[in-house]
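Asks: Fit chain V to the given chain W structure using the hints.
Chain by chain, the residues:
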Amino acid sequence: MSELDDLLKAFGEAGGNRGALADAGTAHLAASGHSLLSSHGVEGIAVDARETRKGISARLTVHEGVKLEKPVHLCFGVLHKKGTQEIKMDVKLEKNSSATFLAHCIFPNAEKVRHIMDAVVDIGEGAEMRYSETHYHGLYGGIEVVPKLIVKVGKNGRYVTDFTLTTGRVGKLAIDYVVEAGEGAVVELTARVFGHGNDEIIIQEKVVLAGENARGLVKARVAVEDEATAEIRGITEGNAAGARGHVDCMEIVKDHAVAKAIPMVQVNNPLAKVTHEAAIGSVDKRQMETLMAHGLSPEEAVDVIVKGVLR
Amino acid sequence: MPLLEVKNIVFGAGSERKTPILSGLSLSLEQGEVHALLGTNGTGKSTLAYLVMGCEGYAPSSGEIRFDSVVINGLPVHERARLGITMAWQEPVRFEGISVRDYLTIGKKNVDPVSSLQMVGLSPELCLDRMVDKCLSGGERKRIELASVLALGPRLAILDEPDSGIDMLSIHDVINVINAFRKNGTAVLLITHREEIAGIADRASQLCYGKIICSGTPEKVAEHYKMKHCQTCDRVECHYV
Chain W
3 MSELDDLLKA
13 FGEAGGNRGA
23 LADAGTAHLA
33 ASGHSLLSSH
43 GVEGIAVDAR
53 ETRKGISARL
63 TVHEGVKLEK
73 PVHLCFGVLH
83 KKGTQEIKMD
93 VKLEKNSSAT
103 FLAHCIFPNA
113 EKVRHIMDAV
123 VDIGEGAEMR
133 YSETHYHGLY
143 GGIEVVPKLI
153 VKVGKNGRYV
163 TDFTLTTGRV
173 GKLAIDYVVE
183 AGEGAVVELT
193 ARVFGHGNDE
203 IIIQEKVVLA
213 GENARGLVKA
223 RVAVEDEATA
233 EIRGITEGNA
243 AGARGHVDCM
253 EIVKDHAVAK
263 AIPMVQVNNP
273 LAKVTHEAAI
283 GSVDKRQMET
293 LMAHGLSPEE
303 AVDVIVKGVL
313 R
Chain V
-9 MPLLEVKNIV
1 FGAGSERKTP
11 ILSGLSLSLE
21 QGEVHALLGT
31 NGTGKSTLAY
41 LVMGCEGYAP
51 SSGEIRFDSV
61 VINGLPVHER
71 ARLGITMAWQ
81 EPVRFEGISV
91 RDYLTIGKKN
101 VDPVSSLQMV
111 GLSPELCLDR
121 MVDKCLSGGE
131 RKRIELASVL
141 ALGPRLAILD
151 EPDSGIDMLS
161 IHDVINVINA
171 FRKNGTAVLL
181 ITHREEIAGI
191 ADRASQLCYG
201 KIICSGTPEK
211 VAEHYKMKHC
221 QTCDRVECHY
231 V
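Chains W and V supply the protein sequences, listed in that same order.
Converting from the first sequence to the working numbering requires adding 2 to each position, the first position being numbered 1.
Residue 210 in the working numbering sits at position 220 of the second sequence; the count goes up by one each step and never skips.
In isolation and in its complexed conformation, chain W is listed as follows:
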């Protein structure tokens, strides 16, 4: 079985759509470790990828005015127990284009694996990018995930992203996103993570509302149990008139886990407004009792609430 077959098998087992990677009408990029296994572009998007010493480097460009109907699939992973994967991505959405990216990051056997993502995204005027990244990890926790992202959203552009790591052990996660929103741009960042064992989670997401009437939402939903730790830093700056931002952080803590939230809001223009809310603690007592009044045991009620928050 080829490495691509192995990756596709793991991709399928993790719930991914294997058919999408075989579809000639769907752009994709697949890499295992530092091997580029497959890449495919379609009309309207240029996919240029190459292998580097420790991973891959890719440039994806969606051309002006193109609205891709099918999502672009990105499939990355390390199937071995040990290894490093460094991915450099340069994504550009030209003026008035739109595209959805579905990224699947698969590390089912990781015992000593590093996955580093270093991405730069440029969203042109009136363009819209949706980026959804889902991780599938094994049960060992021997993985370090370091996604770093710098995004610039042009006038009236839109950037919506969600990061999900709720399957398997997190290991060590250190998200570092910085997004700058231009005039009338809209930015939504969502992260959902469930930490177990001695997992360590750090999520830093910063939105700079640089243009007039820019909008930003930073949302984090994290649950930690056992001895896991989580620190969420949601940062929003309102630098222009009419800018509106909100930071919304919720963390559920069980057992001996520890969670911190550091929402930071800064307003440099009197006509901008940024708000924040953070809730950390055990599962809400009223929610528990409501579900228990439906006959659920306390353990079942916690499970339903946590799954809902991370959904």
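Think of the hints as simulated: they come from the structure by calculation, not from any bench.
Don't be surprised by glycine CBs; every beta carbon is placed ideally from N, CA and C.
Incorrect hints may have been included.
Stated by the list, open to error - Calculated lysine to aspartate or glutamate pairs in the DMTMM-like style (CA-CA distance at most 20 Å, straight line):
1. W:K287 with V:E69
2. V:K98 with W:D120
3. W:K150 with W:E185
4. V:K124 with W:D250
What the hints assert, rightly or not - Covered by chain W, per the in silico footprint, the following chain V stretches (three or more residues, Cβ under 8 Å):
5. 38 to 51
6. 79 to 85
7. 91 to 100
Replies: This is chain V only, laid out in the frame that chain W set:
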């Protein structure tokens, strides 16, 4: 034997529970009976509801709560629910990531969420896939709470102000739900401030200063309530004062 028997319940709040909320309250409900509970704000109606449901921090310092002849004082909420007691909360909580469809089937899988929603006057097409979160209006959330209790098919439903937050034109939906409980043989402990809701009950009781001061037909109790005169405490401790 009554389905629910509350005997001489004493419950206090504050430090060492010294502030009396319920002072030797007794009440009973027969199977299938709709019993309305009236009283001014702060008389202990919701407290009684929490005590019967077994909510955390709501254990009586003395007295007994019997359900189907079994003393349930020490049982946690879910065990009372499994006996057939459930509650529609006055201010129902919101849940992220739980759809209305899922919420209506939590605790009982073989229910039809469509008919439960229709019963409370909500459109299944518009509601089933929405989340039970902040996006629902207060009135919608209240109706969904009622629908969920209906879907559970309990033996005793405690409805804590089911009409509050419901628009005036839709009060008949609440009445329909209460009648549906009655038709199913479910006993209802109905806390309300509306005379037209209390009016459909089989019996009613008025609470004052943690005690039942008047019981009887809904008309009689409502009349007593409106007289603003408490014969029990003779206006010494009474909330009317």
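Asks: Are the hints correct? Go through all of them and say.
Replies: Here is what the structure says about each hint:
1. W:K287 with V:E69: 17 Å, holds
2. V:K98 with W:D120: 47 Å, violated
3. W:K150 with W:E185: 24 Å, violated
4. V:K124 with W:D250: 13 Å, holds
5. 38 to 51: holds (count 3)
6. 79 to 85: holds (count 4)
7. 91 to 100: Coverage by chain W holds for the segment 91 to 100 of chain V (3 residues, Cβ < 8 Å).
Checked against the numbered hints listed earlier, the structure breaks hints 2, 3; every other hint is satisfied.
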